[in-house]
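Assemble chain B onto chain A, guided by the hints.
For the protein sequence lines, the chains are A and B, in the order given. Numbered according to the numbering used here, the first sequence spans residues 7 to 513. Numbered according to the numbering used here, the second sequence spans residues 27 to 228.
Please keep in mind that the hints were generated in silico from the structure rather than gathered at the bench. Treat the numbers as computed from the prediction; the structure is a model and nothing was measured. Backbone N, C-alpha and C fix where the C-beta goes; we use that ideal spot for every residue, glycine too. Hints should not be assumed to be uniformly reliable.
Interface residues of chain B toward chain A, partial, derived using beta-carbon atoms under 7 Å [said to hold, decoys possible]:
no.: 1; residue: LEU124
no.: 2; residue: ILE151
no.: 3; residue: LEU158
no.: 4; residue: LEU171
no.: 5; residue: PRO177
no.: 6; residue: SER180
When the alpha-carbon atoms are kept at most 30 Å apart in a straight line, the in silico DSBU-like pairs for lysine-lysine are as follows [what the hints assert, rightly or not]:
no.: 7; chain 1: A; residue 1: LYS58; chain 2: A; residue 2: LYS224
no.: 8; chain 1: B; residue 1: LYS75; chain 2: B; residue 2: LYS205
no.: 9; chain 1: A; residue 1: LYS229; chain 2: A; residue 2: LYS313
no.: 10; chain 1: A; residue 1: LYS224; chain 2: A; residue 2: LYS313
no.: 11; chain 1: A; residue 1: LYS58; chain 2: B; residue 2: LYS185
no.: 12; chain 1: B; residue 1: LYS185; chain 2: A; residue 2: LYS229
no.: 13; chain 1: A; residue 1: LYS224; chain 2: B; residue 2: LYS185
no.: 14; chain 1: B; residue 1: LYS185; chain 2: B; residue 2: LYS75
no.: 15; chain 1: A; residue 1: LYS318; chain 2: A; residue 2: LYS58
A few chain B residues that don't get close to chain A, going by computed Cβ distances all over 12 Å [as the list claims (entries may be wrong)]:
no.: 16; residue: SER78
no.: 17; residue: ALA79
no.: 18; residue: GLY80
no.: 19; residue: LYS140
no.: 20; residue: ASP203
no.: 21; residue: PRO204
no.: 22; residue: ASN209
no.: 23; residue: ALA212
no.: 24; residue: GLU225
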Amino acid sequence: MATTKPTSSPRGAPPAAAPPPVPADAIRTRPPQQNFLEGRHNYDTITEVIGKVVLSPRPPIQWILITFLAFGLVNVLLMTITWLVLNGIGIWGNNQPVGWGFDIINFVWWIGIGHAGTLISAILLLMQQSWRNSINRFAEAMTIFAVICAGLFPLLHTGRPWVAYWMFPYPNIMGMWPQFRSPLMWDVFAVSTYALVSIIFWFIGLIPDLATLRDRAKWPVAKALYGIAGMGWTGSAKHWFRYEQAYNVLAGLSAPLVLSVHTIVSFDFAVGIVPGWHTTIFPPYFVAGAVFAGFAMVMTFGIPLRKLYGLKDFITDTHLDWMAKITLATGLIVFYGYILELFYGWYSGNVYELAVVNNRLFGPYAWAYYALLFCNGFMPQIFWSRKARYNTFWLLTVSMAVNVGMWLERFVIIPVSLHRDYLPSSWGMYSPTVFDWSMFIGTMGLFTFLMFLFIKFLPMINIFEMKELLYRYTHRPRNGHQVEDGSAITVEAQRPAEVGAAAKGAH
Amino acid sequence: MAHGNGHSQHGDGGHGGGHGHEHGPVLNPVFGVIGEFSDPEVLLRAAEKARSAGYKRMDAYTPFPVHGLAEAIGFDDWRVPWAVFVGGLGGAAAGWLLQYFTAVVDYPWNVGGKPLLSWPMMIPITFECTILLSAFTAVGVMLALNGLPRPYQSIFNAKNFERASQDRFFLCIESEDPKFEPNDTAAFLLSVGAEEVSEVER
Chain A
7 MATTKPTSSP RGAPPAAAPP PVPADAIRTR PPQQNFLEGR HNYDTITEVI
57 GKVVLSPRPP IQWILITFLA FGLVNVLLMT ITWLVLNGIG IWGNNQPVGW
107 GFDIINFVWW IGIGHAGTLI SAILLLMQQS WRNSINRFAE AMTIFAVICA
157 GLFPLLHTGR PWVAYWMFPY PNIMGMWPQF RSPLMWDVFA VSTYALVSII
207 FWFIGLIPDL ATLRDRAKWP VAKALYGIAG MGWTGSAKHW FRYEQAYNVL
257 AGLSAPLVLS VHTIVSFDFA VGIVPGWHTT IFPPYFVAGA VFAGFAMVMT
307 FGIPLRKLYG LKDFITDTHL DWMAKITLAT GLIVFYGYIL ELFYGWYSGN
357 VYELAVVNNR LFGPYAWAYY ALLFCNGFMP QIFWSRKARY NTFWLLTVSM
407 AVNVGMWLER FVIIPVSLHR DYLPSSWGMY SPTVFDWSMF IGTMGLFTFL
457 MFLFIKFLPM INIFEMKELL YRYTHRPRNG HQVEDGSAIT VEAQRPAEVG
507 AAAKGAH
Chain B
27 MAHGNGHSQH GDGGHGGGHG HEHGPVLNPV FGVIGEFSDP EVLLRAAEKA
77 RSAGYKRMDA YTPFPVHGLA EAIGFDDWRV PWAVFVGGLG GAAAGWLLQY
127 FTAVVDYPWN VGGKPLLSWP MMIPITFECT ILLSAFTAVG VMLALNGLPR
177 PYQSIFNAKN FERASQDRFF LCIESEDPKF EPNDTAAFLL SVGAEEVSEV
227 ER
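Only chain A is shown next, with the shape it has when bound in the complex:
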């Protein structure tokens, strides 16, 4: 966990390195990038503020409205799937020459969105970035729900989803085995591994918090359910010891996993010989794009949620600032990818590659390419301004632009590369049907619906990691232990009156 940071060599750090004590009112004087926990909090108020979202009997009216709206869209999705299974994928707009349309665009888009969750929970954990602690839980939930939405598309695109299990290797009466040399088969393994590992990573992170909710819930049914889900967690030091071992190992496994997943998704294209796809830049360019899209989605959800539930002490402006910086950095990598795509087309000297470049810039879908450059290339540059990174309006505007831009990127890569085949006789235009749109919007509804159920029934911020962060901010160095910095947050566990005041003040 993050606490291991200051004590990676606990006995070895010189005591002289301990910083001088910082007065309690120092919160204003600290550099802003250190404020990952604001307000006056103790262990109890942290539990109270985060647990209240789940345990209060009445959710806010906005929650009810959005959940019902999203549930309506889930029904649109279910009806679309029903109609699709009854009629076949001919109800979609893909046909020759564009065999991969919305289904694959949306698959790649959703998978990419999920990647920020794993990046935040695994890679930032390994890099000992304590600012991940308040955003990792709901980013991980986003990962799982995004993978669910993503998985639906290739599953249904098979045309006969009821025999999708044929993709898994099992001895069968057909006497056949899957073709393991195909990137599409790699995708099956990568995405299902990613889904399973993300789910267990998320669940393991939840166990201590489920125990907290078990101990805090008043309603017996809730108590019993959290008790079952919490598995009888006691908080034993021995259990924590093994828990942290397992959690760190999982993070270490997830980090290369997340890179491999989008790399393999990009192989779906790069291994093919379609002009515009067959480039070596695809794996890093796809991974950067995934992180870029994922952080944008974390901000799109995180900013309204922290306002709705009064969680600004935990998801601070500093968090948003840092996320905006990551969006800017990955955005620049993605933009570099766009430049290299053009360069590859020109440098290849291949007439078909050049035709694709020409088609992107001046063809019938050029509007999509320029909109993409605007959303992913121009809009994130706003984040060079510190003011914009601290301004909710700009954060949300740019995040939305990036969400759209990343979708357009996949549109430009997939149908735009396919719609003009080698022979002009097999050229065609791609237009999505109403079922393409209803399926796409339906998955957005499914994603939102699952996110809002998650927010209502499970703690969206990691309670124990926030306490750990507080402990690190407040405890004094001893035995050569070195704390990260001085104490700016006051712990007053012994004064119930102030506890109540702090809990109220945090709303």
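Same frame as chain A, but now just chain B:
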């Protein structure tokens, strides 16, 4: 692999009220004596003092992982990471052999005269299988060694224990300890800074 002492390996797996005791000849009705602390630092020092006072069978309960606490109660167990290593090797072997068996042995399919054992194409799935099995091993072994899921545990009988997951810190010296004596142990816990001490029924 290093183990702090002979007990620590199974410190919480087999002694905390499992079936072994229900059939055993001796059943101590007292699980242990527990002290409640408000400050993790005081708890950490108390655990160290308990160790130097000669107590061996104890456990601390905290709402978040307190670094150094496992060390302080004399606990050290590196079986989880080793199990993951073995699980990862198993996953790699399984992924590789699956592809080797299907593509070379059981279903050799000549595609354009390319070799049957086109090993670079087998790396992605071998890699994914390694990760999958390692991750499942990590979680499975961690839960198994911790004896979870187990809805009922004696420690839940401790007074105020619902706050162990919220804002209080506990140190429990168990009755299995050779040095355990209810009154002395309670007095000891008070002397090292416990704010409240009580007996835990089994």
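The hints, checked one at a time:
Contact between B/LEU124 and chain A, as hinted, is supported at the beta carbon level, the nearest pair being about 6 Å apart and thus within 7 Å. At its closest, the beta carbon of B/ILE151 sits 5 Å from a beta carbon of chain A; the interface hint therefore holds under the 7 Å criterion. Taking 7 Å as the C-beta contact cut-off toward chain A, the hint placing B/LEU158 at the interface holds, the least distance being around 5 Å. The criterion of a C-beta within 7 Å of any C-beta in chain A is met by B/LEU171, whose closest approach is roughly 6 Å, and the hint holds.
Taken as an interface hint, B/PRO177 checks out: its beta carbon lies about 5 Å from the nearest beta carbon of chain A, inside 7 Å. At a threshold of 7 Å, the smallest CB-CB gap from B/SER180 to chain A is about 10 Å, leaving the interface hint violated. For the hint pairing A/LYS58 with A/LYS224, the CA-to-CA distance comes to about 12 Å; that is within 30 Å, so the pair holds. Taking the CA atoms of B/LYS75 and B/LYS205, the gap is about 14 Å. The hint holds against a cut of 30 Å.
Among the hinted pairs, A/LYS229 with A/LYS313 is consistent with the structure: their alpha-carbon atoms are about 28 Å apart, no more than 30 Å. Between the alpha carbons of A/LYS224 and A/LYS313 the distance comes to roughly 26 Å, so the proposed pair stays at or under 30 Å and holds. Using a Cα cut-off of 30 Å, the hinted pair A/LYS58 and B/LYS185 holds, with the two alpha carbons roughly 24 Å apart. The suggested pairing of B/LYS185 with A/LYS229 holds, with an alpha-carbon distance near 18 Å, which does not exceed 30 Å.
Taking the CA atoms of A/LYS224 and B/LYS185, the gap is about 18 Å. The hint holds against a cut of 30 Å. Taken as a hint, the B/LYS185 and B/LYS75 pair is honoured in the structure, with Cα atoms around 23 Å apart against an allowance of 30 Å. For a cut-off of 30 Å, the pair hint linking A/LYS318 to A/LYS58 stands: about 15 Å separates their Cα positions. For B/SER78, the requirement that its beta carbon stay farther than 12 Å from each beta carbon of chain A is met, with the minimum near 14 Å.
Consistency note on B/ALA79: stated as away from chain A, and its beta-carbon is indeed over 12 Å from all of that chain's, at 17 Å minimum. No beta-carbon of chain A is positioned within 12 Å of the beta-carbon of B/GLY80; the least distance is around 19 Å. The beta carbon of B/LYS140 is not kept farther than 12 Å from every beta carbon of chain A, the shortest such distance being approximately 8 Å. The beta carbon of B/ASP203 is kept farther than 12 Å from every beta carbon of chain A, the shortest such distance being approximately 15 Å.
Against chain A, the non-interface label of B/PRO204 holds: every CB pair exceeds 12 Å, the least being about 19 Å. Distance check on B/ASN209: its Cβ is at least 25 Å (rounded) from any Cβ of chain A, clearing the 12 Å threshold; non-interface status holds. Taking the minimum C-beta to C-beta distance to chain A, about 20 Å, the non-interface status of B/ALA212 holds against the 12 Å cut. The beta carbon of B/GLU225 sits about 17 Å from the closest Cβ of chain A, which is more than 12 Å, so the claim that it is off the interface holds.
Of the numbered hints given earlier, the model fails hints 6 and 19; all others are met.
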